[in-house]
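Novice: Per the numbering used here, the very first residue in the sequence shown carries number -17; after that it's consecutive.
Hints may contain errors.
Derived pair list, reagent style EDC-like, types lysine to aspartate or glutamate, alpha-carbon separation capped at 20 Å [what the hints assert, rightly or not]:
id	residue 1	residue 2
1	Lys142	Glu168
2	Lys130	Asp12
3	Lys154	Glu168
4	Lys142	Glu(-14)
5	Lys142	Asp171
6	Lys154	Glu(-10)
7	Lys139	Asp12
8	Lys142	Glu48
9	Lys154	Glu9
10	Lys142	Glu9
11	Lys154	Asp171
12	Lys139	Glu9
13	Lys154	Asp12
14	Lys142	Asp51
15	Lys130	Asp(-8)
16	Lys130	Glu(-10)
17	Lys139	Glu48
The hints are simulated quantities; they were obtained by calculation from the structure and are not laboratory data.
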Amino acid sequence: MLAERHHEVDAAVIAAFGDPGLGGARELFDIPVVGMAEAAMLTACMLGRSFAIVTFSGGLVPWYNECLDWNGLRGRCAGIFALQGAFASIADVQEEKEAALVELANRVVTDHAADVVILAGAPLSGLAQSVRERVPVPLVDGIQAAVKQAEALAALKPAKATQGTFRRPAAKTCTGVPETLRARFERRDG
């Protein structure tokens, strides 16, 4: 999708909390690409000395640990905490687990001294705003943070790196991907 639309937008957001493909997207495209997890963690760092990540599934914890390491923020994180047990539907997890997520967020603040709590996972988008009066520290919504940071980066109009980690890679032939992405990899897209 980004390969097809990158000329039409000023910035893009990876709307999955583990930031899948973020590094590659930053290499391939000339616009700012913001990851939901990275934006949430950096926002949390601006709001407090330590943050905790609260999510709805223990299966996400290893992935979120990788995000901490990739972003170099392990030392600022009080921990990653997940609800135990199954949920009926990913689409309804926010409503189904709201009370348990608020309880877990409060426990993390009390037991682990987190200054900020990130409610992690795209299915939890919007929850931070609706429950913020029930938790005594700032809550961060990853989508909100990512969109605001994407808007800020778009306004700054940064130049595309020609050296360093996110420079565009040399042309390479590839197969099995959509033509717009293939053209980007092969540097045939202008």
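Novice: Hint by hint, where does the structure go against what was stated? Just the numbers, ascending.
Specialist: 6, 8, 14 and 17
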